[in-house]
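Visitor: So you can see what is in the structure, the chains are spelled out below.
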Amino acid sequence: MKESLLDIICCPIDKHDLELEVDEKDGDEIISGTLTCPECGETYPIEDGIPNLLPPDMRDEVTA
Amino acid sequence: MSESLDTDKLEREVKSMYAAVAESANSEFHFETGQELAKRLGYEPDILSYVPSEAIDSFAGVGYYFEMASLKPQDKVLDLGSGSGMDAFYAAMNVTETGSVTGIDMTTEQVEKANNLAADNGFHNVSFHRGYIEDLPFEDESFDAVLSNGVINLSPEKERVFEEAHRVLRPDGRLALSDIISEQQLPESIKSDADLWAACIGGAEQIDSYTDVVEAVGFVDIEVRENTEYEFISDQAASACDKYGVKSISIAARKQ
Chain R
1 MKESLLDIIC
11 CPIDKHDLEL
21 EVDEKDGDEI
31 ISGTLTCPEC
41 GETYPIEDGI
51 PNLLPPDMRD
61 EVTA
Chain X
1 MSESLDTDKL
11 EREVKSMYAA
21 VAESANSEFH
31 FETGQELAKR
41 LGYEPDILSY
51 VPSEAIDSFA
61 GVGYYFEMAS
71 LKPQDKVLDL
81 GSGSGMDAFY
91 AAMNVTETGS
101 VTGIDMTTEQ
111 VEKANNLAAD
121 NGFHNVSFHR
131 GYIEDLPFED
141 ESFDAVLSNG
151 VINLSPEKER
161 VFEEAHRVLR
171 PDGRLALSDI
181 ISEQQLPESI
191 KSDADLWAAC
201 IGGAEQIDSY
211 TDVVEAVGFV
221 DIEVRENTEY
231 EFISDQAASA
241 CDKYGVKSIS
251 IAARKQ
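Taken in sequence, the protein lines are chains R and X.
Its first residue numbered 1, the first sequence is counted upward by one per residue in the UniProt record's numbering.
Its first residue numbered 1, the second sequence is counted upward by one per residue in the UniProt record's numbering.
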């Protein structure tokens, strides 16, 4: 994901702004990292450039 | 929503069916996919020629609503249930490089495929994310238009989907979508069949209650058109359509 996406994304649960922690970056593309909601404390992983913004209790990978 | 529908089972069914659509566009589903379908529904060949062909192959939309969406350059667009990205790429051609298109989908395989297609084909302003259309991870008033094609019928919480779409649109922003509805209420036996639900039939809302929900969450200027070009192809699906008037419509509306 691009860092500029932070302007519009928010926590899917309480709609609070998310804080970004970058693990790996390629230009302006964030390859891996974590998005954290300072309000509810939930974290959302960024893997292979894709932020997983599914609410945590539903993040099962049954079909993957 | 139906009391007897197992929503966890439904989510698994929907994810596995559309993961299969992403991975094997030529398999047999209850519904048509691909280029021929897109052209028949009304997608313009000139614009389609710029859409990555793998996205078109996995296209499983049910109608064409772009003429009702009035997309223009610089628009920020959100596609609910973006699948392998067909409508998002098509929208990107309308909003040009000065706009942007964001797709959201709960199916991992579709999101990965769509992001790879965007990267491989130079769509820098198109991105796809994993999330639920009932819990949008976007701030209020982030978009000029919200699109969706053949997806909202799959949700057991349609009112919440429209509430969320309304929330993320800026004032005067447009909702434009195609979806499956029914003329008559479907019997419980169909509504509680997760396989038929995943095939866009079991979750088909009766048309008046569908547009009532769109209105109730705050949309105005609601316009409805029938997509007569769309048909289901499996026998089981086709007979449910004949019996209960299950069909494809396009809807456009505006946030006040």
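It should be emphasised that the hints constitute simulated quantities derived from the structure, not laboratory data.
Quantities reported herein were computed from a predicted structural model and do not represent experimental measurements.
Heads up, the beta-carbon is just placed ideally off N, CA and C, and yes, glycines get one too.
Take the hints with a grain of salt, since some may be wrong.
[What the hints assert, rightly or not] Listed next, the in silico DSS-like pairs over lysine-lysine satisfying Cα-Cα at most 30 Å (straight line):
| id | chain 1 | residue 1 | chain 2 | residue 2 |
| --- | --- | --- | --- | --- |
| 1 | R | 15 | X | 9 |
| 2 | R | 2 | X | 243 |
| 3 | X | 76 | X | 39 |
| 4 | X | 243 | X | 9 |
| 5 | R | 15 | X | 76 |
| 6 | X | 72 | R | 2 |
[Claimed, not checked] If the Cβ cut is set under 8 Å, some of the chain R residues that face chain X in the computed set are:
| id | residue |
| --- | --- |
| 7 | 6 |
| 8 | 9 |
| 9 | 49 |
Visitor: Would you mind marking each hint as holding or not holding in the structure?
Guide: Comparing the hints with the structure gives:
Annotation: proposed proximity of residue 15 of chain R to residue 9 of chain X holds, straight-line Cα distance about 27 Å (limit 30 Å). Annotation: proposed proximity of residue 2 of chain R to residue 243 of chain X is violated, straight-line Cα distance about 48 Å (limit 30 Å). Note on residue 76 of chain X and residue 39 of chain X: the hinted pairing holds, with a Cα-Cα distance of about 25 Å set against a maximum of 30 Å. Simply put, residue 243 of chain X and residue 9 of chain X have alpha-carbon atoms about 26 Å apart, close enough for the 30 Å limit, and the pair holds.
For the suggested pair residue 15 of chain R and residue 76 of chain X, the alpha carbons sit about 19 Å apart, so the restraint of at most 30 Å is met. Simply put, residue 72 of chain X and residue 2 of chain R have alpha-carbon atoms about 23 Å apart, close enough for the 30 Å limit, and the pair holds. Annotation: interface hint on residue 6 of chain R violated; nearest CB of chain X at approximately 10 Å, more than 8 Å. Using the Cβ-Cβ criterion of 8 Å, the hint placing residue 9 of chain R at the interface with chain X is satisfied: the shortest such distance is roughly 5 Å.
Because the smallest distance between the Cβ of residue 49 of chain R and any Cβ of chain X comes to about 6 Å, under 8 Å, the interface hint for this residue holds.
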